[in-house]
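Asker: These are the residues of each chain, in order.
There are 2 protein chains.
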Amino acid sequence: MNTAIHTETKDHYPTRNNDHTTVTKRRDPVVYGWDSEGPLSNSDLQTFDDTGYLSIEQLLSPEELQECREELERLAQDPASKNDEATITEAESNEVRSVFNVHRTNEVFKKIANDPRIVRRLEQILGSEVYIHQSRINYKPGFVGKDFWWHSDFESWHAEDGMPAPRAASVSISLTDNYSFNGPLMIMPGSHKEYISCAGGTPEENYKQSLVMQGAGVPDKDTLTDFADRHGIDVLEGPAGGAVIFDSNCMHASNGNVTPYARSNIFLVYNSVDNAVEEPFGPPKPRPEFIRSTDFTPAG
Amino acid sequence: MNTAIHTETKDHYPTRNNDHTTVTKRRDPVVYGWDSEGPLSNSDLQTFDDTGYLSIEQLLSPEELQECREELERLAQDPASKNDEATITEAESNEVRSVFNVHRTNEVFKKIANDPRIVRRLEQILGSEVYIHQSRINYKPGFVGKDFWWHSDFESWHAEDGMPAPRAASVSISLTDNYSFNGPLMIMPGSHKEYISCAGGTPEENYKQSLVMQGAGVPDKDTLTDFADRHGIDVLEGPAGGAVIFDSNCMHASNGNVTPYARSNIFLVYNSVDNAVEEPFGPPKPRPEFIRSTDFTPAG
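Sequences listed follow chains G and B, in order.
Residues 1 to 300 in my numbering are what the first sequence spells out, letter by letter.
Residues 1 to 300 in my numbering are what the second sequence spells out, letter by letter.
If you're looking for bench data, these hints aren't it; they were derived computationally from the structure.
Careful, some of the hints might be misleading.
Said to hold, decoys possible - Below, in silico cross-link-like pairs of lysine-lysine (BS3-like), each with a Cα-Cα straight-line distance of 30 Å or less:
| id | chain 1 | residue 1 | chain 2 | residue 2 |
| --- | --- | --- | --- | --- |
| 1 | B | K146 | B | K193 |
| 2 | G | K221 | B | K146 |
| 3 | B | K110 | B | K285 |
| 4 | B | K285 | B | K10 |
| 5 | G | K82 | B | K221 |
| 6 | B | K82 | G | K221 |
| 7 | G | K146 | B | K146 |
Stated by the list, open to error - Anything over 10 Å on all C-beta distances counts as not near chain B; from chain G, calculated:
| id | residue |
| --- | --- |
| 8 | N17 |
| 9 | N42 |
| 10 | T89 |
| 11 | S128 |
| 12 | T176 |
| 13 | K193 |
| 14 | G238 |
| 15 | G242 |
| 16 | P284 |
Unchecked claim - Facing chain B, according to a computed beta carbon distance under 7 Å, are these residues of chain G, among others:
| id | residue |
| --- | --- |
| 17 | F143 |
| 18 | D147 |
| 19 | S180 |
| 20 | K221 |
| 21 | T225 |
| 22 | A228 |
| 23 | I233 |
| 24 | A253 |
| 25 | G256 |
Every residue gets a Cβ at the ideal spot worked out from N, C-alpha and C, and that includes glycine.
Sequences are here, hints too, so could you generate the full structure?
Answerer: Quick look at the structure:
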């Protein structure tokens, strides 16, 4: 299958093909599992449908939180991990910023990623079994934590990974307290119901650059201003051990962090098994396996 | 008077003379005008004494706010203003970041700076007539607003401007809404009662660099972490037209801003006429008149 045919026959979310930004309505549902049994009530599902995200006040027990934090610290110091291509270091300081693929390479995070407390919620939202498309742990250090520009994850996963539809959601588990002042996740609630087709193409091997600094898949300022005016901006504060589940097409970002308080989290992307990745819709070569899993084995 | 004699006889707040940071108790009072008549009650003064700052929900009328905003926009576009040395532009974009000395060069801001609603409050806090040590309007643009590192203004004004004691306070009048997410002022409440003597010297003509990017007068990370743990961090949200008065020795900072919402304010520094600047305690040459006024005429 070549890219040209793929684009003509199946690309319902074209992006990076134009010289300007366009906004369209989302074609697909947000919630697939209304009235399903599990930890989420229909009222929870309604909140997710309306806003594009759902907060879980306490997901990890204090013991689990402690175990995850210790593993995070160990990995950040581990020379073997630091030299792995799945470990991304800060451009300036060479400090570890993210470690990818932890649901396959690390026993502590593998267990969390397959925990039924999480997986069952995702199955309810996505209305099917789910597999893990991507996993990582993120470090956002105090004093020098960099900002992350507004983007929809789905836009990247579609263009660069070949994810057909936004039938995917992310779970961010906080390993540190999120204050309004230490660069927490910001979401434009309701933005997930619109799709921003970005201008420009995707440079080859864009991921090597984009994991450290963003380039392709970035909405323009006028569109973002309009989105912020219409949807507002929610700042996701909350204690360590809590989590947020958010739709793959949420417009989200985070500010930098000059406070002493670091922000670390476990980031897990669950995709419906009925929405498994295909050939990328953008660049000819898919991203590597540690970013874009092709193991579609159901989680849990 | 040479710098060496000055330092020996009068420098109660030495800084930038060592290779490490030291913390001492503040020697001087915070509030000088207890039981004074004016807009501030003793309870307000107590809040200021305890936390180092005081918020005023609404200082400007909607009409005054509108007038100030229009003047701000006009100045940012004015080619004559842009070429003035009192106008500081962003290093990368060349956009206007601050315009200094507006209490002397601009009729709109001169009126605000001498407004009895402000001046009377400052006279109550500082217990004397007050003069304007520095004034400026600040633009913190949306999307690309830069962070500002933790610092005490007094540390700079003492070392670089020769301000003897922290008998001074700033008023920041918001011309835009301050949200937690658009890089608002952050203050460590209570930090004004301790003095951080910073390591290192002051490069000559440091102000040219420091107005754009900070260097000298920066506390170390261990001290800041200890301060944040002991004092906490207050995020100063509030609507346009409101203001905050804060002590010259407050430890404060602001994060960057990737949201579309710019932050602009009028920044006025009032010093007690009994605390007028002398020879600088740090570098041999004082900063220029537009940053460090030697016109000690009482405001109001």
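Asker: For which of the previously enumerated hints does the structure constitute a violation, in increasing order of number?
Answerer: none
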